[in-house]
Amino acid sequence: MLRTWMREGNHWVWFNAMAVAISLLAVIGLISFIVFKGMGHFWPKDIHAYTVQDGQGGTVQLIGELHRRSDRVEGNIKEGVTHVPQLLVKVGNRDIFGADFKWVDEHAVIKDITAKDLIMVERYEWGNLYGRLKSVTLGDGMTVTGNQAWDTFQQLIERHTELHKQIVRIQKHEI
Amino acid sequence: GAPVVEFRGFELKKAMFSDEVSLEQVAANQVPLAFVPEWVKVDGMNDWFYAIDSTGDMQVFSIRNVDAPKDYARLNTLPVDGKEKRQLTSVNFLLGGISLLLGEESGKLTQWFPVRDANNQFTFQAVRDFDEQSAAITDMAVEQRRKGFVLSDASGHVGVYHATAHRVVGLEQVAQSAITNIAMTPRADGFLAEDQQGKMHLWSLENEHPEVSFEVLWQKVWYEGYAKPDYIWQSSSSASDFEPKFSLAPLAFGTLKAAFYAMLFAVPIAIMAAMFAGFFMAPKMRQAVKPTIELLEALPTVILGFLAGLWLAPYLEKHMPSFFLLVLLMPLMVFIFGYLWSRFPEAIRNRVPDGWQAALLIPVLLLSVLIAVWLDDPVEHLLFAGDMPMWLTNVAGIDYDQRNALVVGIAMGLAVIPIIFSIAEDAIYNVPRHQVNGSLALGATPWQTMVGVVLPTASPGLFSATMIGLGRAVGETMIVLMATGNTAVMDIDIFNGLRTLSANIAVEMPESEVGSTHYRVLFLAALVLFMFTFFFNTIAETVRQRMLKRYGAL
Numbered sequence: 001m002l003r004t005w006m007r008e009g010n011h012w013v014w015f016n017a018m019a020v021a022i023s024l025l026a027v028i029g030l031i032s033f034i035v036f037k038g039m040g041h042f043w044p045k046d047i048h049a050y051t052v053q054d055g056q057g058g059t060v061q062l063i064g065e066l067h068r069r070s071d072r073v074e075g076n077i078k079e080g081v082t083h084v085p086q087l088l089v090k091v092g093n094r095d096i097f098g099a100d101f102k103w104v105d106e107h108a109v110i111k112d113i114t115a116k117d118l119i120m121v122e123r124y125e126w127g128n129l130y131g132r133l134k135s136v137t138l139g140d141g142m143t144v145t146g147n148q149a150w151d152t153f154q155q156l157i158e159r160h161t162e163l164h165k166q167i168v169r170i171q172k173h174e175i
Numbered sequence: 176g177a178p179v180v181e182f183r184g185f186e187l188k189k190a191m192f193s194d195e196v197s198l199e200q201v202a203a204n205q206v207p208l209a210f211v212p213e214w215v216k217v218d219g220m221n222d223w224f225y226a227i228d229s230t231g232d233m234q235v236f237s238i239r240n241v242d243a244p245k246d247y248a249r250l251n252t253l254p255v256d257g258k259e260k261r262q263l264t265s266v267n268f269l270l271g272g273i274s275l276l277l278g279e280e281s282g283k284l285t286q287w288f289p290v291r292d293a294n295n296q297f298t299f300q301a302v303r304d305f306d307e308q309s310a311a312i313t314d315m316a317v318e319q320r321r322k323g324f325v326l327s328d329a330s331g332h333v334g335v336y337h338a339t340a341h342r343v344v345g346l347e348q349v350a351q352s353a354i355t356n357i358a359m360t361p362r363a364d365g366f367l368a369e370d371q372q373g374k375m376h377l378w379s380l381e382n383e384h385p386e387v388s389f390e391v392l393w394q395k396v397w398y399e400g401y402a403k404p405d406y407i408w409q410s411s412s413s414a415s416d417f418e419p420k421f422s423l424a425p426l427a428f429g430t431l432k433a434a435f436y437a438m439l440f441a442v443p444i445a446i447m448a449a450m451f452a453g454f455f456m457a458p459k460m461r462q463a464v465k466p467t468i469e470l471l472e473a474l475p476t477v478i479l480g481f482l483a484g485l486w487l488a489p490y491l492e493k494h495m496p497s498f499f500l501l502v503l504l505m506p507l508m509v510f511i512f513g514y515l516w517s518r519f520p521e522a523i524r525n526r527v528p529d530g531w532q533a534a535l536l537i538p539v540l541l542l543s544v545l546i547a548v549w550l551d552d553p554v555e556h557l558l559f560a561g562d563m564p565m566w567l568t569n570v571a572g573i574d575y576d577q578r579n580a581l582v583v584g585i586a587m588g589l590a591v592i593p594i595i596f597s598i599a600e601d602a603i604y605n606v607p608r609h610q611v612n613g614s615l616a617l618g619a620t621p622w623q624t625m626v627g628v629v630l631p632t633a634s635p636g637l638f639s640a641t642m643i644g645l646g647r648a649v650g651e652t653m654i655v656l657m658a659t660g661n662t663a664v665m666d667i668d669i670f671n672g673l674r675t676l677s678a679n680i681a682v683e684m685p686e687s688e689v690g691s692t693h694y695r696v697l698f699l700a701a702l703v704l705f706m707f708t709f710f711f712n713t714i715a716e717t718v719r720q721r722m723l724k725r726y727g728a729l
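Protein chains in written order, with this note's numbering: chain A, 1 to 175; chain B, 176 to 729.
Only chain A is shown next, with the shape it has when bound in the complex:
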């Protein structure tokens, strides 16, 4: 049966079909890949709060976005190579940490939560800020905490954006 099937040349027809399928998959795959990878930048990513073991037995909390996973390679060819999974966390806060990103071994992460109170703020200096909003201090010394803090914060941001637009307008057009 197989021999007859092959003698008729049917397997070649299937190989030709395979070529079409490969081309189709390549085209659709490539375009989807580009679209997804590109569009992904327009949506905000989840912010995680990782509790990570530091080397000395305590824990450290890292708040940031998961950028990607990778493997750290340990060992050599003779003794065997092991891949240690790592997470690249975008912790922002360049004024505190010095660098935007941190590599964290996946097995060192004890807890990983995404909570509603974790926020990311885009800033003009020192990169993004990742953390929790504790309180908002207004210009006249008043401090707002709790649920009102977020609303006050948003109002302030709106006002700030408006002022910034005015500044830019003065700088670029009027002067």
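Derived coverage of chain B by chain A (criterion: at least 3 residues anywhere in the stretch with Cβ under 8 Å from a Cβ of chain A; other residues may be distant):
1) 450 to 456
2) 462 to 474
3) 506 to 515
4) 616 to 630
Computed list of lysine to any residue pairs in SDA-like fashion (alpha-carbon distance at most 20 Å, straight line):
5) A:K78 - B:M565
6) B:K493 - A:G80
7) B:K493 - A:S70
8) A:K78 - B:D552
9) B:K493 - A:D71
10) B:K493 - A:R72
11) B:K493 - A:V81
12) A:K78 - B:I573
13) A:K37 - B:L485
14) A:K37 - A:S70
15) A:K78 - B:V554
16) A:K37 - B:W486
17) A:K78 - B:T568
Source of the hints: derived by calculation from the structure; they are not laboratory data.
Ideal placement from N, C-alpha and C gives every residue a C-beta, glycine not left out.
For chain A, the structure is supplied; the task is to place chain B on it using the hints.
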């Protein structure tokens, strides 16, 4: 007594808080010489001390460590060649202080420099010679910015040469008697010669591009510091005494290699896809499939190059076995599926209209991709000690570069597939229906009809499609620029990088000095690229016409 040479080493000491500079002697060594030299020269890096006499005897000391100068080599630069004894009359360094130019009584000039072998031992080799002048070389002047020089001889002639290009730029009778001294202007645009009667001759020289010759462009050249003659492209560096290396051979080789691997990947897939789409496929599916594949043609190749260089190359380096597993698994799984499908009961088979095999195969191929990715780690651990690129470099002896011809083959193949597919599919679709029907009526299976009737009739179109694809592959710039390592090496290895003429022009043209030799050689590279395409297209057209004559009347 016996001749000696004393080496004294001095250190330049700068005072801590002022601008005062002082010389402090740190070493003094006396070393005996084997003969009384007529010329003593120290090379440009203070590594070698040469003592040369007029019979051609040369003694070389290694003075890299001035505390301990070493008697390194003793040789005769003028081997007796049966005719009269030869005599050296003039000795000078070329720009950079690496090459020694030895001028002889007969007017011949030989260039020597140290050559390092595999054991880090230096030998002093005669690299090239010039035999243009017929009287004894009296003096020589060396250009300050290029590897060129002028020779004056005892008959009043002055010859202008370029060492690396092995080229005689010109030979003129400057004076009526022997020239005793010659000097060159800093810009190499003139020379001043003094003859025996005290007359001075000032000549202006127009010598814009002496570095280029056929030998430099297309043959192996022995460059300073290299162990043997080689094809090298290294057009510029930051030093002013650099020897530019303008061999187009590695670039042309890279162009052909990239095109070869792209074709290797693209032609089977595109032609086989065209065979299916033009002959076996259901018309409704064909209407959807053909524009989809041709969509890839519209994708700017910069994107393909970018993805290939920044995503595919690292991915392939980390998961190499999965690619080869995929190449093996896909045909195998398609074969098994095809056979099993033919054994399925009629009820299921009739649900899928004839000609929709390609759609059926999509889940099969996705499954094979998943299996290949799943098997990647185990196979890598089992066969390649956990790291295939390292295994290839260390165990198999094949140097692995992350951006190599395989990545380029895949990326450029992907760019070229839609072109070949489009034209080939048209060719196959347009085979007259009556021939196909006749073949089928005589009892041939569809595949036998394809091989016996359709392919020969469509062969001019298929060939033409391949050649157009090849023309595209030869001229492709952005993919090779981003996906290869842009290393100008001449290895046919699939895991090595390459550098093509097109990518080279794209990279170097903005950086080269307008009007310089480098600039002009880049234009020459463009001409060579054009000639390649022209050559391929001419052959393609000739073969196509012949095929048309043979199979068109079928």
